[in-house]
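The residues making up each chain are set out below.
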Amino acid sequence: MAEQKLGNPAVVGLAGFGLTTMVLQFHNVGWMGLGPVVWLGLIFGGLAQMIAGLQEMKTGNNFGYCAFTAYGCFWIALALLLIGNHYNLYPSSKTDVGWFLVAWTLFTAILWIGAMRVSSALALTFTLLLIGFILLDLAHFGYPDLTVVAGYELMATAAMAWYIMAHIIYVDLFGRDILPVGKPWIS
Amino acid sequence: MKLLRMLGWMGLLLACGAVRAAPAEAEVATAEEAITKVRAAARLLHDRGASSYADFNQRDSKWVWKDSYVFVYDCRKDRMIAHPMRPDLVGKPIMQITDNTGKPIFKDLCKAGNEARGGWVEYMWQKPGAGRLSRKVSYALAADVSFAAGIQVSAGVYDESIPIAELGKVLEKMSDPAKYPAL
Chain G
1 MAEQKLGNPA VVGLAGFGLT TMVLQFHNVG WMGLGPVVWL GLIFGGLAQM IAGLQEMKTG
61 NNFGYCAFTA YGCFWIALAL LLIGNHYNLY PSSKTDVGWF LVAWTLFTAI LWIGAMRVSS
121 ALALTFTLLL IGFILLDLAH FGYPDLTVVA GYELMATAAM AWYIMAHIIY VDLFGRDILP
181 VGKPWIS
Chain B
1001 MKLLRMLGWM GLLLACGAVR AAPAEAEVAT AEEAITKVRA AARLLHDRGA SSYADFNQRD
1061 SKWVWKDSYV FVYDCRKDRM IAHPMRPDLV GKPIMQITDN TGKPIFKDLC KAGNEARGGW
1121 VEYMWQKPGA GRLSRKVSYA LAADVSFAAG IQVSAGVYDE SIPIAELGKV LEKMSDPAKY
1181 PAL
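Quick mapping for you: the protein sequence lines, in order, are chains G and B.
Take the first sequence: its letter number 144 is residue 144 in my numbering, and every next letter is one higher.
Heads up: take any position in the second sequence, counting from 1, add 1000, and you land on my numbering.
Everything labelled a hint here was simulated from the structure, so no lab data went into it.
Yeah, the Cβ is synthetic: ideal placement off N, Cα and C, and Gly gets one too.
Careful, some of the hints might be misleading.
Distance ranges between label pairs, derived from CB positions [unchecked claim]: (1) R1117(B) with L106(G): 29 to 37 Å; (2) D1088(B) with G182(G): 29 to 37 Å; (3) G1129(B) with H86(G): 27 to 35 Å; (4) Y170(G) with Q1058(B): 50 to 58 Å; (5) N1114(B) with G182(G): 41 to 49 Å; (6) K1077(B) with A77(G): 19 to 27 Å.
Pulled out of the complex, with its shape left as it was, chain B reads as follows (with noise of 0.2 Å):
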């Protein structure tokens, strides 16, 4: 009786450090959700305009999600639209902005959102609530905004190992219009 009792204790702590392990697990976005979070936000911008501009300026907005977030550039006019974490960058240049290798994030960004699909960046950047740089890999899409060409609209992960190829094939799955319809 006592060993049952003992090992009833024993699975409700292993059930409660479960319970806490798992939003510490769920605080990451995944690849699936920085391209659906994408095409969303293309197709808001597309609708609404420059109207819609501020809301991605917003924390407390869908846009904002677990580790990740939603930015939009203008890649055209050189300038940051916006940017949730960082109002520092919103209407800056960004053509300028690297990373400590050295590596031009938003010419790199630009170009991979101009492909038909879109694509993925990776580069180094701060995560949020985190005080060191992380390796971070980006979806850039480009928005068909009305009076405004050159608009890009990008989300990323952070993950220190996940190989591009392997993001490339979730962006072919997803864009399989029999498994995810358009939006």
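One chain only, chain G, in its complex shape (with noise of 0.2 Å):
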């Protein structure tokens, strides 16, 4: 009997880190308000995305465990906290905002490393996103402009992880690799 076929979890946890992180730029560019984003950051980018990150533990995938089941965290994290500020419950300055990003900041970095040992387009991804966190981390403290800039960088940094999502599904819609990912930088 032939193996049944299983899905790839990453396909969900690149879809909902990817649409969330392009709606929360879309706020930080100034195009629209924060609503959606509490909402998705949630659902998508924080439910949906921690599920697909706890499936990564069956496919023997630490890095997208580790990866996916964290940033879905972030998002709901970062969605409470947006709550919280709103209505007075353990509310953040901005300040207290910046040292939660930079927490996020020094673990973006572990996980870039071992991106670089998976794919270009992976690497490329969360080069993008340090760099994007790293604005941000500026912009908390002292620089408020570059939020702006961040918003634009993190808007390619969305846009790569939805590559590498269309490129599994792709492969496998298509049965050749249409979108190619690369080499891993780190050979």
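Make the complex out of the two chains shown on their own, each in a separate frame, by following the hints.
Laid out in structure tokens, this is it:
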């Protein structure tokens, strides 16, 4: 009997990560408010990405297991932080949010090294993500104008995540690799 | 004796007059007060973010004093965020608001507020409790709020003659960290 084909949880993880990151940047560059960011952050970037991350465990992919679960939690925490700030529930100052982002920058730096062992596309995604986090850190510690720069930069990050998602889905549907992700930067 | 008593009565009357006149004098907000209130408001907005917006819509708060008040607006999204005297303006676009001389008040405030120390803008506005327009000079300052760029705080003084240059000197004096340590 043929083994049942399983889906790759990364397609959901990358979809949630990419879409929610994209929508937050639409806010950061001033195109829209925070409402959709909160709800997408809770459900798609948060819950769906976190479940995808937990499903990575069974595939034996520690990178995906850690990255998707952690960034899923990032979005849930960020959405709750926004809700808390709105309702005066453990409100976070701009400096507090800055330190929250610094911690995520350090965490991202660890995964950035790991991503270089996976593929060029993933290494580029994490390079852009790390630069985006650093720009947001600076935006919270004295250079508020960098929020907009980070906004456009992180849109490129989100697009890269979607590229990898499309790569996985299209390989499956077209039977050949039409969106190559390239060799690892560190072989 | 009679003269003395008369003088006493006159003195008492004068004192009453002075006491009566004193509150009228104290009702006028000063430039120093406007700067201090605006800086304190910017600090609160930094610390408490969006949850503090509602504080600035209350008339019976510390952000309304004498004949002045603090108001908060978003230069990037073109919205009034909080205004204790004009709830009708809250949530509405601000960039198209002009005074009776055609001056684009909030465009000028946003420009001044983006200066490193903030800045002063003069325009015509209704003084609280008065039925007519008065010359108002407002101090605008950008507030560093999480998840919101372009937020500014402002408060003004109603004065028909004080030159902007003089208010600039007050701001300079109050920006000296030796005399006015950071809040």
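Is it true that N1114(B) and G182(G) lie within 41 to 49 Å of each other by Cβ? Holds, at about 43 Å.
Tell me if the beta carbons of D1088(B) and G182(G) are separated by a distance inside 29 to 37 Å. Since the Cβ atoms of D1088(B) and G182(G) sit about 58 Å apart, the hinted range of 29 to 37 Å is violated.
Please test the hint of 27 to 35 Å on the beta carbon pair from G1129(B) and H86(G). Holds, at about 33 Å.
Would you say the C-beta atoms of K1077(B) and A77(G) sit inside 19 to 27 Å of each other? 25 Å, holds
Is 50 to 58 Å right for how far apart the beta carbons of Y170(G) and Q1058(B) are? For Y170(G) and Q1058(B) the Cβ distance comes to about 57 Å; the hint holds.
CB-CB spacing for L106(G) and R1117(B) relative to the 29 to 37 Å hint: Cβ of R1117(B) to Cβ of L106(G): about 34 Å, so the range 29 to 37 Å holds.
Checked against the numbered hints above, the structure breaks only hint 2 and satisfies the rest.
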